[in-house]
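Asks: So the chains spell out like this:
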Amino acid sequence: MALLEIKNIYKSFGENDVLKGVNIKVNKGDVVSVLGPSGSGKTTLLRCINFLEKADKGEFIFDGKSYDFSKISGKEIAEIRKKTGFVFQSYNLFANKTVLQNVTLGLTSARHIAKNEAEKKAMEVLKKVGMDTFKDYYPSQLSGGQQQRVAIARALATEPEIIYFDEPTSALDPQLTAEVLEVMRKLALDGMTMIVVTHEMGFARDVSSHVIFMADGNVVEEGSEKEFFENPKEERTREFLRITNKIVNG
Amino acid sequence: MFNASTFELLVSSFPKILEYGLKVTLPLAVISFLLSTVLAVLVAMVQYAGVPVLRQLCRFYIWIIRGTPLLVQLMVVFYGLPLIGIHSNSFVMAIIVFSINEGAYSAETMRAAMEAVPSGQLEAGYCVGMNYMQIMWHIILPQAFRTAFPSLFNALISMVKDTSLASSITVVEMFTRTKQIAGQSYNYLPLYIEVAFVYLIFCTVLTLVQKKGEKLLGSYGVRK
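Going line by line, the protein sequences match chains A and B. Anchor point for the first sequence: position 239 equals 239 in the numbering used here, and the numbering is continuous, going up by one each time. Anchor point for the second sequence: position 1 equals 1 in the numbering used here, and the numbering is continuous, going up by one each time.
The set of hints was computed from the structure by calculation and includes no laboratory data. Do not rely on the hints blindly, as some may be mistaken.
Stated by the list, open to error - Lysine-lysine pairs mimicking BS3-like chemistry, simulated, CA-CA at most 30 angstroms apart:
1) A:K20 with A:K7
2) B:K215 with A:K97
3) A:K83 with A:K54
4) A:K115 with B:K161
5) A:K115 with A:K75
6) B:K212 with A:K97
7) A:K128 with A:K28
8) B:K16 with B:K179
9) A:K135 with B:K212
10) A:K82 with A:K54
11) A:K57 with A:K20
12) A:K7 with A:K233
13) B:K215 with B:K16
14) A:K57 with A:K83
15) A:K75 with A:K120
16) B:K215 with A:K135
17) A:K121 with A:K28
18) A:K135 with B:K211
19) B:K211 with A:K97
20) A:K97 with A:K186
21) B:K179 with B:K215
Model the full structure from these sequences, guided by the hints.
Replies: Structure follows, in structure tokens:
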């Protein structure tokens, strides 16, 4: 059974239709890369899935329970969010909290876990992303790559069933990108279910199990990573891969 | 005018003036300021959250208070409260008026500071499972408070001086006390200069407290 399924999701901003009936399905342990040109609706899709944007209509199925995007209640959203993690393009670490507090806050305040237990868990996940020695730093004292690794640790600490990544490396230089992708690769190997909106073709190719290619608010093509890169069916996909290959290979 | 007897008058008056400064003026300013800050945070939160009806009420409150003079507000409360059966001493009335008055201005300061916190902070809070009030308490308000702190302290410093208006509703505070002493000696100007000097001392001390406070609140590593 799928862990997460989205059926026929629609979203528009005013006159601008951003999602036009997108369907996706994610099984436990899947690493799904969402590719596509800017403005194709990738980020909006991810934000709608975690209710940061309100979708106009569509069905949302999570953990075997079905919800209507237009009717879901605040309480249901809160329950679902407790089982998911989100990593932002701009990190969004809590500016007034240290690295350690950033990670523990979701445990102590939202889940009422005792402080020492939360700190133990936090140190464990910070170690995983290689940021345990920075536990008393404030976000402003860290590089972008370090901040993003802390953001991943923050998402991990709550033991989510799935983590959404919204262009997690788009704001980083190649070296910092590499350190963040390395952490994500490790998560994938650990069996974490992830949906990754990305422009990193290398990551999509090496790490993901499934690829979704979006354009103009629709899913143009989807399939296993191998099918997608080696045998794309749609002309639009081939065009996209040709252009991105040209950039990567000069 | 400035002769030996004037000097003697200034020296003997100083403790009397200072006494009323410490006993009346400062408590009046500090208590009113604290109450006004609580009020400001509540009014700012209602607007930030966009609570219907309450939000309009808050705008109405700010409109009325900012559109009328403090002195007039003092008079209205002083003569108005007894009419509706509330009899209170003038010190308490002054606190009520100063808190409500300053609350309207500080509410705008707080609202601006809250709106200056990037929306990503709120979203990140939701994504780790916190609810609105938890995010307010742990994330938005501390950051907004840090931003608003210098402006809020400005308000406190203003308030120390504005308390002299309480003399108009019979509160014997530092300025009124000075007037009484001056009236007995018919030597007004030197005493008014002296009380100005005491206000200046109070505000200088508060400025130092503000500096300490800003350090204590920290800047989350920004300029470390």
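Asks: With reference to the structure, classify each hint as holding or not holding.
Replies: Here is what the structure says about each hint:
1. A:K20 with A:K7: holds (11 angstroms)
2. B:K215 with A:K97: holds (16 angstroms)
3. A:K83 with A:K54: holds (19 angstroms)
4. A:K115 with B:K161: With a Cα-Cα distance of about 45 angstroms, the restraint between K115 (chain A) and K161 (chain B) is violated, given a limit of 30 angstroms.
5. A:K115 with A:K75: The given pair, whose Cα atoms are some 25 angstroms apart, holds under the 30 angstroms limit.
6. B:K212 with A:K97: holds (21 angstroms)
7. A:K128 with A:K28: holds (21 angstroms)
8. B:K16 with B:K179: It holds: about 12 angstroms lies between the C-alpha atoms, which stays within 30 angstroms.
9. A:K135 with B:K212: Holds: K135 (chain A) and K212 (chain B) sit about 26 angstroms apart, inside 30 angstroms.
10. A:K82 with A:K54: holds (18 angstroms)
11. A:K57 with A:K20: holds (10 angstroms)
12. A:K7 with A:K233: OK: K7 (chain A) and K233 (chain A) at ~22 angstroms, within 30 angstroms.
13. B:K215 with B:K16: violated (34 angstroms)
14. A:K57 with A:K83: holds (22 angstroms)
15. A:K75 with A:K120: Between K75 (chain A) and K120 (chain A) the Cα gap is close to 29 angstroms, so the pair holds against 30 angstroms.
16. B:K215 with A:K135: The given pair, whose Cα atoms are some 22 angstroms apart, holds under the 30 angstroms limit.
17. A:K121 with A:K28: Within the cut-off at roughly 23 angstroms; holds.
18. A:K135 with B:K211: holds (28 angstroms)
19. B:K211 with A:K97: holds (22 angstroms)
20. A:K97 with A:K186: holds (26 angstroms)
21. B:K179 with B:K215: The given pair, whose Cα atoms are some 39 angstroms apart, is violated under the 30 angstroms limit.
Hint compliance for this structure: hints 4, 13 and 21 are not met, and every other hint is.
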